[in-house]
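Keeping the supplied structure of chain A fixed, place chain B upon it in accordance with the hints.
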Amino acid sequence: MDDARCIEVRDLTMAYGGRVVMRDVSFDVRRGEIFVVMGGSGSGKSTLLKHLIGLKRPVKGTILFEREDFGAADEKTRRGILRRIGVTYQNGALWSGLTLAENVALPLEEFTALRAEAIAEVVSLKLALVGLRGFEPLYPVEISGGMRKRAALARAVALDPEVLFFDEPTSGLDPITASRLDDLILQIRSCFGTTIVVVSHDLASISKIADRALFLDIEQKTMTALGRPTDLRENPPSEEVRRFLTRSSGARDTPVFEPRPARTYPT
Amino acid sequence: MQVDLRQEEDALIASLAGIWDLEHTAPSFDRLIESFAAGSTVEAIAFDTTELGTWDSSLLIFLLRVRDYCEAHGLDFRAESLPENIGRLLDLTRAVPEQELERREAKSSFLTRLGAQGLSWFDGVLESVAFVGRVAQGFAHLPRLRGRLRWRDFWVVVQSNSSGALPIVTLISFMVGLIIAFLGAVVLRRLGAGYYVSYLVGYGMLREMAALMTGIIMAGRTGAAFAAELGSMKITEEIDALRTLGVSPIDHLVLPRVLGIFVMMPLLTIYAVFIGVLGGLLVSITMLDLSAGQFIGGLLTPLTLSDGLLGVFKGTVFGLIIGIAGCMRGMQTGSDAGAVGRAATSAVVTGITWIIVATAVIDWLAALLGV
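Line order of the protein sequences matches chains A and B. For reference, each letter of the first sequence is one residue, going 1 to 267 in the working numbering. For reference, each letter of the second sequence is one residue, going 1 to 371 in the working numbering.
Please keep in mind that the hints were generated in silico from the structure rather than gathered at the bench. Note that the coordinates shown come from a computational prediction; the quantities given were computed from them, not determined experimentally. Heads up, a few of these hints could be off.
Only pairs whose alpha carbons sit at most 20 Å apart, straight line, appear in this in silico EDC-like list of lysine to aspartate or glutamate [said to hold, decoys possible]:
#1 A:Lys-56 x A:Glu-68
#2 A:Lys-56 x A:Glu-102
#3 A:Lys-56 x B:Glu-127
#4 A:Lys-60 x A:Glu-8
#5 A:Lys-76 x B:Asp-240
#6 A:Lys-56 x B:Asp-123
#7 A:Lys-56 x B:Asp-289
Isolated chain A, as found in the complex (with noise of 0.2 Å):
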């Protein structure tokens, strides 16, 4: 058997009350490797990650962390795997009433012995990874955006996780700054040999940090590719994997819509 595998889902079902999002989802992720989940706006892409960080229970199937069942285990198993994992939100969810150091602290403080001092080295050092040197005594509220979302990966970091999960870590971000995220990202991957779950639909972050993706289909409510995105491209398994690719619209002969139609026609 390939021991390689980090995360193993198997016949995952999602469901918000008693509505199906997704069904019958499974996909292993290989440890070191950077695995993207794609798919349309609405798709299930940030629920699903809210399943692999357990924050919901699948409603059918089952996912393995390192062979532990998530969804079943007990307080203690729970924390000792949260404890191997970082997350980083789609607006950051840096906790606003704490500043950049306490955020970065708080998981060092909850979960490791450390004295204040050592503590607040390992705060310096993990701000001054992601860019943020200095950055220590403000609040969430008066960085830019951009600088939340690598506050919020220093946090995601803080405790040298196995596993980093992405929420669109490229998203409400300009191209400049979205790419150096993405560079960040694969620092990341390559200095400790994370593996790193991403969720997006950023076509050009993909294609650059992606090993292998995987794409939730809307309409069929369910899994329909997984691989190398550039294989992918080049052998779309769906249409809708096509076009997600390409980003074309998909509607054939759509007429070209004028802004403004003239107010006056003389026919």
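What follows is chain B alone, placed relative to chain A:
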């Protein structure tokens, strides 16, 4: 805006003429076609736009209605007889097929709705009980958590419920003391017992009004603030971020807040008693010609320590209620923009309701125990 119908072979020709704009009412196609006595062989509707002036969406709306009519009556809608740009706009409205959205709640009988309401109410009760249980568990862990509890949040709550709340508590309890004294002055003077107004004020404030009024003010002030604060944190995923760290939001966010108001409410209640009595004193001196000495004497003689303890006990219970109701509604916040507002409103309503119910229960028990 003019439409004339004429028949050419098997087609009905609608000539569109004049200026079409939304400020004028477009003619109704259904009525036009009813009044037009066509031959039986009409198979299509076409258009003649030679006289058409400027137009806006009103023309498109009219044409869409014609198309619907054609589809309903099996007629051929000849879009090609329209100018190309109008035809393209009409096509655009059909470029994406209409979504069949499932709306399950659309039609249901009264009984179904009653049942659903009952179930959701029951779920709400279960959720409240579970939340109270979790907070109680948190309190049980308190000695273990002591070093890690967020004392800063605790002190912020203490500050906002002490110096921050004093002006409003002073105003309201002074007024309530005044009101009780006014009532007493009128009723007791008739019985020739004006002297006892201080007893009424003291007894009323100590046992009931100080705790009740402070509770209601704090439910509106602090309970709503807790709900809004935690609700915003929920929306920005800050609470999820805590959970994925394995940190319990209850221990981290709820406990310091509940503890803060739990400690402050009895103190505020005692303060409110004193201010209320002062209000009563003012009325007694100005309206009843009692001296301050007489007032204090009439106050202290009949009151017992248990009256005071009962009031403080109530204040403490209300503090717990306000803290728990506020935090609970905050943690239950949904994810849309209006959710925080609803959470704050619901925290106040829940807090006040529970306070009133608790008052009734405590008074009943006190009467049973003869306190």
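For each hint, the structure was consulted:
no.	hint	result
1	A:Lys-56 x A:Glu-68	holds, 16 Å
2	A:Lys-56 x A:Glu-102	violated, 27 Å
3	A:Lys-56 x B:Glu-127	holds, 17 Å
4	A:Lys-60 x A:Glu-8	holds, 14 Å
5	A:Lys-76 x B:Asp-240	holds, 18 Å
6	A:Lys-56 x B:Asp-123	holds, 19 Å
7	A:Lys-56 x B:Asp-289	violated, 70 Å
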